[in-house]
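Undergrad: Chain A is fixed; fit chain B onto it per the hints.
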Amino acid sequence: MSALLDLVLGVVTSIGGFVEVGSISTSAQAGSEFGLQLLWAVAAASVMLAMFAEMSGRLAAVSRRSVAAAVRERFGIHFQAVPLVAELLIDLLLLAAEIGGASIAVRLVAGLSFRWWIVPVGGVMWGVLWLSGFSVIEYGLGLLGLVTLSFVVSAWQMHPDPVAVAYALVPSRPSHDLTRYAFLAVSILGATVSPYLLNFYASGTIEEEMTERELWVNRTTSYMGMSFGGAVSAGVLITSALVLAPRGVLVDSYEQAALMFAPTFGRWAVPLFAAALGIGCFGAGVEIALNTGYLLAQVFGWTWGANRRRLEAARFTGAFTVMLLGGVLLALTGVDPLQLTMISVALTVVIMPAVVLPFLVLMNDPAYVTQHRSGPIGNGLLATITVLAGILALVVVPLEFMGG
Amino acid sequence: VCALGIVLSGVTAACQSEQSRLNDSVNHLASARATVQLAAGQWLDGRTSTTYTSIALETAYRLTETERQALAEDPAMAARPKAARVIADAQQQAFATAQLRQSVNAGDRRSVAASLAALQNARREP
Chain A
271 MSALLDLVLG VVTSIGGFVE VGSISTSAQA GSEFGLQLLW AVAAASVMLA
321 MFAEMSGRLA AVSRRSVAAA VRERFGIHFQ AVPLVAELLI DLLLLAAEIG
371 GASIAVRLVA GLSFRWWIVP VGGVMWGVLW LSGFSVIEYG LGLLGLVTLS
421 FVVSAWQMHP DPVAVAYALV PSRPSHDLTR YAFLAVSILG ATVSPYLLNF
471 YASGTIEEEM TERELWVNRT TSYMGMSFGG AVSAGVLITS ALVLAPRGVL
521 VDSYEQAALM FAPTFGRWAV PLFAAALGIG CFGAGVEIAL NTGYLLAQVF
571 GWTWGANRRR LEAARFTGAF TVMLLGGVLL ALTGVDPLQL TMISVALTVV
621 IMPAVVLPFL VLMNDPAYVT QHRSGPIGNG LLATITVLAG ILALVVVPLE
671 FMGG
Chain B
163 VCALGIVLSG VTAACQSEQS RLNDSVNHLA SARATVQLAA GQWLDGRTST
213 TYTSIALETA YRLTETERQA LAEDPAMAAR PKAARVIADA QQQAFATAQL
263 RQSVNAGDRR SVAASLAALQ NARREP
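These protein sequences, in sequence, are chains A and B. Residue numbering for the first sequence follows our numbering, starting at 271 and increasing by one per position. Residue numbering for the second sequence follows our numbering, starting at 163 and increasing by one per position.
Isolated chain A (complex conformation) (with noise of 0.2 Å):
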């Protein structure tokens, strides 16, 4: 009974919590420029995160060790030295983008420039993660994620053509500017698969005390719960496509994304949009702040867990509070969520090889996985579109830039 409820929480908030700054920025950018084009991104980067997810927590629930600390294990500190700074700087750089979503939000309701919101913004985070254990933290804003869900209505409600949905989740040649087609597709991926899902899975799944003969759990949760989580982010690029890109508006701003919410909730569309954004960036904040925790307790060895108490754990409090702080004042000097985000998400592709292909190692060592190693296909897949996409992305991104 109680992993069935476990199931039903994982697979619920896993849907509430799949949509935050990036992926609501990236396939709105995709539906405004490209109408349904890029749906194939979006289906595709959450079947990759699905499997990533179900990979991470089963190394978790056999081995007791999160990522980060077998990764330390198996290879040492000086392999783990790279990645590591990697993942530090870009989780830096995506927290400053949900602080500053998260203000937006604020914003499109109450008014003001949205850089007074963001020490408000940065202190809630911290009063959360001060006084919340696991669970809290996990199922409270998963739960209250759930107003994303008003993206797939809303997609709903425009009646799509159906064969038109289909056809998109093949991928296609588009019809101009072939650069920014390849820089949003690997955006896309970057901002669903982000390096600290990885980790923060695997310590939420040796905080839940999850084991071995709860893996069905794991597998189910991840499926399920990436699959719906994925049909959000759809929701987001077709709501765009079929509201913004007809009306010729491009999304180069929150203000102007949250506009597609119009023909379908009236009056209620503007506060619905600052709602579904503003949960969305608040709860994968407190995530990136506490992962930045767990990841430098479990590569350094020092006490760690959201369910004890901070003080117990004071180096692992120290290093979200300092990520935190960091990532506050990243977003005061007053840079662009928007265009923030859009770097962070597309530099995330870039390092992904160097997070993903040692874990994939992981996944096949008996002595971590036992008898539950991955299999060959998978495996395959997973690190030939890791690598493909590192190569894309440092090709499109440069361009990108250079290009304006």
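Simulated from the structure, these hints should not be mistaken for lab results. Please note: incorrect hints may appear among the correct ones.
Think about it this way: if two alpha-carbon atoms lie no more than 25 Å apart in a straight line, the pair counts; the simulated SDA-like pairs of lysine to any residue are [as the list claims (entries may be wrong)]:
no.	chain 1	residue 1	chain 2	residue 2
1	B	K244	A	D447
2	B	K244	A	G518
3	B	K244	A	T573
4	B	K244	A	H446
Counterexamples of contact, computed for chain B against chain A with all Cβ distances above 10 Å [unchecked claim]:
no.	residue
5	Q199
6	R209
7	P237
8	P243
9	Q253
10	A260
11	G269
12	R272
13	A275
14	A276
This one's a predicted model, so the numbers in the text were calculated from it and none came from an experiment. Glycine residues also receive a C-beta, built at the ideal position from the N, C-alpha and C atoms.
TA: Same frame as chain A, now just chain B:
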């Protein structure tokens, strides 16, 4: 691979034509104008708050000004007759957007409706 990516990027970026940059700017200016029409139209229908509409119009104003400045600060671009027309149109669009925002803040529905109609008519002109 890293070096190849950077070299390729540099070469392609350098080769991006002025025409393509101009087309990009025209598209973004049209997007800002569409945002103004959609946001102000929703406000007139009582579907969006004054707070949000004012923010959306401010954003559209900034986007218009960013595009205009990007074109105007490049002498080679500004020397092209088509670019000069786009710069002049963008300046007018920014002015109209700022006025619309002021009318929305003042709650002047008649003025907003008139400005919106003028913006739509201006768009239809060849």
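Undergrad: If we take the beta carbon of Q199(B), is the closest beta carbon in chain A still more than 10 Å away?
TA: 8 Å, violated
Undergrad: Are the Cα atoms of K244(B) and G518(A) separated by 25 Å or less?
TA: Since the Cα atoms of K244(B) and G518(A) sit roughly 21 Å apart, the hinted pair holds (cutoff 25 Å).
Undergrad: Is the Cα-Cα distance between K244(B) and H446(A) 25 Å or less?
TA: Holds. K244(B) to H446(A) sits at ~21 Å (cutoff 25 Å).
Undergrad: Report holds if the minimum CB distance from R272(B) to chain A is greater than 10 Å, and violated otherwise.
TA: Non-interface label on R272(B) holds, nearest chain A Cβ at 21 Å vs cutoff 10 Å.
Undergrad: Examine each Cβ of chain A, and state whether all of them lie more than 10 Å from the Cβ of A275(B).
TA: Holds, because the least Cβ-Cβ distance between A275(B) and chain A comes to about 18 Å, which exceeds 10 Å.
Undergrad: Confirm or reject: P243(B) is not an interface residue toward chain A, with every Cβ-Cβ distance exceeding 10 Å.
TA: 22 Å, holds
Undergrad: Determine whether the non-interface label on R209(B) survives the test: each CB of chain A must be over 10 Å from its CB.
TA: The claim is violated: R209(B) sits with its nearest Cβ about 5 Å from chain A, within 10 Å.
Undergrad: Please check whether the beta-carbon of Q253(B) is more than 10 Å away from every beta-carbon in chain A.
TA: 19 Å, holds
Undergrad: For the pair we were handed, K244(B) and D447(A), check the Cα-Cα distance against 25 Å.
TA: 21 Å, holds
Undergrad: Closest CB-CB distance from A276(B) to chain A, is it above 10 Å?
TA: Answer for A276(B): holds, closest chain A Cβ roughly 21 Å.
Undergrad: Assess, step by step, whether the Cα of K244(B) is no farther than 25 Å from the Cα of T573(A), and give holds or violated.
TA: 65 Å, violated
Undergrad: Just want to verify: P237(B) was marked as not at the interface with chain A; is every Cβ pair farther apart than 10 Å?
TA: 17 Å, holds
Going through the hint list in order, the structure does not satisfy hints 3, 5, 6.
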